[in-house]
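Chains as they are written, first to last, in the numbering used here: chain R, 995 to 1408; chain E, 995 to 1408.
It is worth saying that the hints were derived from the structure and are not from the lab.
The structure presented is a predicted model; accordingly, all values stated were derived computationally and were not measured.
Be aware that a few hints might be false.
When the alpha-carbon atoms are kept at most 20 angstroms apart in a straight line, the in silico EDC-like pairs for lysine to aspartate or glutamate are as follows [claimed, not checked]: (1) E:K1099 <-> R:E1066; (2) E:K1391 <-> E:E1374; (3) E:K1232 <-> E:E1262; (4) R:K1184 <-> R:E1206; (5) R:K1232 <-> R:E1258; (6) R:K1345 <-> E:E1010; (7) E:K1345 <-> R:E1010; (8) E:K1062 <-> E:E1090; (9) E:K1232 <-> R:E1408; (10) R:K1032 <-> R:E1010; (11) E:K1345 <-> R:D1403; (12) R:K1102 <-> E:E1374; (13) R:K1102 <-> E:E1274; (14) R:K1002 <-> E:E1042.
To list a few chain R residues with every Cβ distance to chain E over 10 angstroms, as calculated [claimed, not checked]: (15) L1024; (16) A1072; (17) D1319.
C-beta: ideal position from N, C-alpha, C; glycine also.
Protein chains: 2
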Amino acid sequence: MDLQLMGKRAVTAKYELQSMSSSQKKEALLFIADRLIKDASLLLEKNEIDIKEAQKNQMHPGMIDRLKLNRERIEAIAQGIIQVAGLQDPIGEVIEEILRPNGLKILKMRVPIGVIGIFYESRPNVTADAFALCFQTGNAVILKGGSDALYSNKAITDCIRSALVESKINPDCIQLIETTDRETAKAFMKLDQFVDLLIPRGGAGLIRSVKENSTIPVIETGTGNCHIFVDESADLEKAVAILINSKTQRIGVCNACESLLIHEAIAEWALPILGKALQEKQVEIRGDETTMHFLPFAILATEEDYGKEFLDFIISVKVVKNLEDAIAHINQYNTKHSDAIITQNQENAEKFLREVDAACVYVNAATRFTDGFMFGFGAEIGISTQKIHARGPMGLKELTSYKYMIYGDGQIRE
Amino acid sequence: MDLQLMGKRAVTAKYELQSMSSSQKKEALLFIADRLIKDASLLLEKNEIDIKEAQKNQMHPGMIDRLKLNRERIEAIAQGIIQVAGLQDPIGEVIEEILRPNGLKILKMRVPIGVIGIFYESRPNVTADAFALCFQTGNAVILKGGSDALYSNKAITDCIRSALVESKINPDCIQLIETTDRETAKAFMKLDQFVDLLIPRGGAGLIRSVKENSTIPVIETGTGNCHIFVDESADLEKAVAILINSKTQRIGVCNACESLLIHEAIAEWALPILGKALQEKQVEIRGDETTMHFLPFAILATEEDYGKEFLDFIISVKVVKNLEDAIAHINQYNTKHSDAIITQNQENAEKFLREVDAACVYVNAATRFTDGFMFGFGAEIGISTQKIHARGPMGLKELTSYKYMIYGDGQIRE
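Okay, chain R solo, but in the shape it has when bound (with noise of 0.2 angstroms):
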């Protein structure tokens, strides 16, 4: 594996990209999409080898499905491209226009990054998903998935590559990384000189991984801590809803609620309310001392627990003196991804709103909601929990940059 050479190949892919009309992208991914689905026996064939290879490893079940294909989950990978390329293309878009005094005119346009590493763990649909987004923006992509889906990714890899070739387009678009030990990753983290952002997709031992060894720009993504704060004048139906559904409607996802805070003034009446609709979903609450005087059945809370992102049907709780503990518990533990507020004081709200350092803070609104899809941008390749390029949902314009074109008629500077 000669990754500089696929640095290279990579680059020179990303000039041919960037050059490339909107009806071309979405032809081409039009054509990618058909023939996934007609390669279809082809991919499940080389994803049997995984699966076989999963087994035999013993692997857990929830595991094996997640690496699983079949013709359904193709069809919807093949529905997903479908729906990229009908997204409108931000390429080329001027974001500002700026006249000088000395006559000089600055067009601020859209383009795309340019070349971009993703790494990610064991969902082969992550390799046409990142691809479609990657290429709809213009932007080449290398691609390191897990050792678990080498064959899967490898055939998909293959598929689109060779769809390219047909649609006359450079097939380096699209390269994979075949070699899946560490020295490699650790390799591909230094390429700075070919790739130009970095995103880590998994679990957080793979991002403080990029975050450690990396020269190139990282975005990280996905780790989720997420609160909600029920208010003094929380309506407390609406409180239950939202708790519910952020803590339970998918346990495993970075929007869900991992933690519960409480208004001391109705944590009496209010949190028995809460803690039993919790408990009838099979929640286990890990909470602090006050807690556990309104819900005896709950478990003492450690300092650790109030930090956890659990993905599991875990809670922690804790009964807070006002809005300004509230806010401050937050800010401590918050991984900076999303919290919320249920109350129906408009001030408190708005406070929360301004406070909390998040990247998507709500009122009275479940958690659940911070996903490109739910925010309308029609496509995700993750949500970025730092601060820099990009925040919260990434869609197609934060897989972009700019550059200044300046036109002058001879300007020089005194």
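Following the hints, complete the assembly by docking chain E onto the known chain R.
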């Protein structure tokens, strides 16, 4: 030097800063500018310690000049702060408003980044400049200046901190790392728990070191191997003026021209004219063989010369076959900073603008305009040569992030 403690203090300051009004920030900045002038004698006294040490260490006179403060320069530093105080505060601006079919209202609002770390070398004025820009955008700043300027930087920081205290503002809005060894620098680069962004301002070595060691997102600034391509149809009078201005008006800056490309169809008559103009300004020419043919006084360029940022009275020159060759050469050797075409052909101009991969691409104007002030931003923290977050001149807006504030009425996800 307890970096963890400094990080925690910066985070506390950032939360106080984010809710300050524009007028509070403005008033504080004007007060600080005033205090710097009043404290001039003390600042000069401390600066003298750095200067004496530099002389003892036989520092290059040009470097000593960069280090030196006098009343006029302190006046200029204060003026710079006053200017920043007069700029529009970008914080709180609603960038976008999204209404969703389920009734959710999503506001995308501009917010501070949080805590910004700045690495810089010998210029003590950066201490005040960087602080003013970060403060005006609601960011707390941790500074790490060069050891040569330690006493000067410390005096300026102390003056600003005491002025903040008098303004009843948390002085930890600015903190200076006073330990100047490498271990402290490296430990600072790992402070991602507290610091949201690192901006290194200095030479290529400093930037490389920060990129390699930091776990905090970094914005790369400053290296500029800028090209001017004189096309077949160029107005030669303009070409000469733009070339000489870009190369010689100030040689030590990142937006100075370092390389000249010329179309072979006009090389025979145009290159001697351009070469003579460069020679008159004592610029050493390092050219390819064709250049040597037309300019016998030139020196043969090495491959390495084309990739070099000379920051000196030296230029590399190459005769190219056509526009495509010029673009390919630039994309191979440039630092993605600023490149220009001199042409009367509109089609060639557009092709060059679109295909050259640089933050700023010019038609018929000097590369020296890549500058926050020249772009009308009113300020500049640096010039980004990467594609993530900000590209080209970085003013106040480029020191901000955004958050989504979502207003609901009980919405849950189906």
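Here is how each hint holds up against the structure:
1. E:K1099 <-> R:E1066: Answer violated: E:K1099 to R:E1066 is near 35 angstroms, above 20 angstroms.
2. E:K1391 <-> E:E1374: holds (10 angstroms)
3. E:K1232 <-> E:E1262: holds (18 angstroms)
4. R:K1184 <-> R:E1206: holds (11 angstroms)
5. R:K1232 <-> R:E1258: holds (18 angstroms)
6. R:K1345 <-> E:E1010: holds (13 angstroms)
7. E:K1345 <-> R:E1010: holds (13 angstroms)
8. E:K1062 <-> E:E1090: Given pair E:K1062, E:E1090 is violated - Cα atoms ~46 angstroms apart, limit 20 angstroms.
9. E:K1232 <-> R:E1408: The given pair, whose Cα atoms are some 15 angstroms apart, holds under the 20 angstroms limit.
10. R:K1032 <-> R:E1010: violated (27 angstroms)
11. E:K1345 <-> R:D1403: holds (17 angstroms)
12. R:K1102 <-> E:E1374: Status holds; Cα separation ~17 angstroms.
13. R:K1102 <-> E:E1274: Distance of about 36 angstroms is beyond 20 angstroms: violated.
14. R:K1002 <-> E:E1042: Cα-Cα ~51 angstroms, so violated.
15. L1024: It holds; R:L1024 is separated from chain E by about 25 angstroms at its closest Cβ, greater than 10 angstroms.
16. A1072: holds (24 angstroms)
17. D1319: R:D1319 clear of chain E: closest Cβ-Cβ about 14 angstroms, beyond 10 angstroms.
In summary, the numbered hints that this structure violates are 1, 8, 10, 13 and 14.
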